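**Q** Chains as they are written, first to last, in my numbering: chain A, 1 to 145; chain B, 1 to 145.
Calculated directly from the structure, the hints in this document are not laboratory data.
If you're wondering where the values come from, they're calculated on a predicted model, not measured in any experiment.
A hint or two may mislead.
Claimed, not checked - List of simulated lysine-lysine pairs, DSS-like, C-alpha gap at most 30 Å:
| # | chain 1 | residue 1 | chain 2 | residue 2 |
| --- | --- | --- | --- | --- |
| 1 | B | K3 | A | K106 |
| 2 | B | K106 | A | K27 |
| 3 | B | K138 | A | K79 |
| 4 | A | K69 | B | K138 |
| 5 | B | K27 | A | K79 |
| 6 | B | K32 | A | K138 |
| 7 | A | K27 | B | K32 |
Stated by the list, open to error - Label pairs and their computed distance ranges (CB to CB):
| # | chain 1 | residue 1 | chain 2 | residue 2 | range |
| --- | --- | --- | --- | --- | --- |
| 8 | A | E90 | B | E62 | 50 to 60 Å |
| 9 | A | R32 | B | D24 | 15 to 25 Å |
| 10 | A | D93 | B | M56 | 47 to 57 Å |
| 11 | B | A81 | A | G82 | 27 to 37 Å |
Said to hold, decoys possible - If you want a taste of the chain A side facing chain B, the calculated C-beta under 8 Å gives, among others:
| # | residue |
| --- | --- |
| 12 | Q24 |
| 13 | F25 |
| 14 | S115 |
| 15 | S137 |
| 16 | K138 |
| 17 | L142 |
| 18 | V143 |
| 19 | Y144 |
No residue lacks a Cβ here, since even glycine has one placed at the ideal position from N, Cα and C.
Letter by letter, the chains look like this.
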Amino acid sequence: MFRNILLPTDGSPLSEAAMRKGIQFAKAIDARVTGFCVIPKLRYSSYESELAPEFKKQAAAAVLSEVNKNLLAIEKAAKEAGVACETVKETSDQPYEAIIEAAQKKQCDLIIMASHGRRGVQGVLLGSETQKVLTHSKIPVLVYR
Amino acid sequence: MFKHILLPTDGSPLSDTAVEKGIDFAKSIQAKVTGLCVVPKEYPTYYEAEIPGGFMDKAAEECKANAKVQLAALTKVAQGAEVACDVVLETTDQPYEAIIEVAEQKGCDLIMMASHGRRGVGALLLGSETQKVLTHSKIPVLVYR
Chain A
1 MFRNILLPTD GSPLSEAAMR KGIQFAKAID ARVTGFCVIP KLRYSSYESE LAPEFKKQAA
61 AAVLSEVNKN LLAIEKAAKE AGVACETVKE TSDQPYEAII EAAQKKQCDL IIMASHGRRG
121 VQGVLLGSET QKVLTHSKIP VLVYR
Chain B
1 MFKHILLPTD GSPLSDTAVE KGIDFAKSIQ AKVTGLCVVP KEYPTYYEAE IPGGFMDKAA
61 EECKANAKVQ LAALTKVAQG AEVACDVVLE TTDQPYEAII EVAEQKGCDL IMMASHGRRG
121 VGALLLGSET QKVLTHSKIP VLVYR
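I would like the entire structure built from these sequences, with the hints used as guidance.
**A** In structure tokens:
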């Protein structure tokens with residue numbers, strides 16, 4: 001029924017747990033997965049002009065390396081489970097938009113994500129990006145806590 | 001992977017679609033389903049004394065009859081798809097609590113529901129009961145639009 005599952009991750013523990021469950025699920029139903037991670041645009045303060053260009057470069061490189069690490073973790077988990085996997089990263093300020101766009105572009109028919117990510121307040125509210133994906137996605141979303 | 005799927009319904013068109021997709025999905029992974037319909041408790045209003053005797057009882061009966069029709073329809077779809085099916089009718093004012101309680105009682109490992117039910121506001125917001133189930137459920141929730 002589901003052929004290609006988008007697994008968005010931000011590298012937080014809950015998101016990683018959802019990713020692993022997503023891979024198990026994909027294996028059980030013989031689907032492939034598309035790992036996805038958003039590269040946040042870096043915003044600096046109004047003192048941006050005072051910041052050393054070297055500092056900005058370092059910050060961007062650190063973020064990118066974190067994103068690559070997250071995607072690598074998906075590839076590794078998928079490979080171990082014998083699930084076909086590709087990974088995508090996209091630069092955006094609106095993770096939920098990037099998630100929905102990636103799902104459409106890659107023709108995913110299901111999105112699996114955690115109820116909370118990095119900014120989560122467990123048990124109180126639904127994570128803000130998950131909430132927005134649920135509100136705007138036309139593709140079914142499976143939410144893991 | 002998922003063995004027992006809870007399908008809460010309120011008989012709204014979106015919820016009907018989610019039920020159909022839920023049964024298709026259950027069939028594809030050889031899971032069984034439990035259909036759930038929640039009936040609101042009768043409300044004693046401020047003007048209760050002015051309401052003709054027997055009206056509240058009649059309204060409650062109608063709600064129940066309506067829920068039974070919905071659950072019968074669900075059973076029929078499940079039988080048509082050769083999916084093992086059980087139905088539950090609960091009376092409560094907090095549908096989301098009943099949904100989570102029944103899922104736990106029956107040992108469901110997945111809840112599948114529509115993004116909106118009867119009180120849905122199209123693409124603007126996530127339905128209020130779906131939202132509450134997502135916030136409080138420890139069991140994964142698959143949301144269909």
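**Q** Give a verdict on every hint.
**A** Each hint, compared with the structure:
1. B:K3 to A:K106: Between B:K3 and A:K106 the Cα gap is close to 29 Å, so the pair holds against 30 Å.
2. B:K106 to A:K27: 26 Å, holds
3. B:K138 to A:K79: 28 Å, holds
4. A:K69 to B:K138: Distance ~28 Å between A:K69 and B:K138 Cα, so the pair holds.
5. B:K27 to A:K79: Roughly 28 Å between the alpha carbons, so the hint for B:K27 and A:K79 holds.
6. B:K32 to A:K138: 26 Å, holds
7. A:K27 to B:K32: 20 Å, holds
8. A:E90 to B:E62: 50 to 60 Å: Check passed, 51 Å falls within 50 to 60 Å.
9. A:R32 to B:D24: 15 to 25 Å: At roughly 20 Å between Cβ atoms, B:D24 and A:R32 fall inside 15 to 25 Å, so the hint holds.
10. A:D93 to B:M56: 47 to 57 Å: With Cβ atoms ~53 Å apart, the hint holds.
11. B:A81 to A:G82: 27 to 37 Å: 29 Å, holds
12. Q24: 6 Å, holds
13. F25: 5 Å, holds
14. S115: At about 7 Å, which falls below the 8 Å cut-off, the nearest Cβ of chain B leaves the hint on A:S115 intact, so it holds.
15. S137: Status holds, d = 7 Å.
16. K138: The hint holds - A:K138 has a Cβ within 8 Å of chain B, the shortest such distance being about 6 Å.
17. L142: Holds - the Cβ of A:L142 comes within 8 Å of chain B, reaching about 4 Å at its closest.
18. V143: With a closest approach of 5 Å, the A:V143 hint holds.
19. Y144: 5 Å, holds
Hint compliance for this structure: every hint is met.
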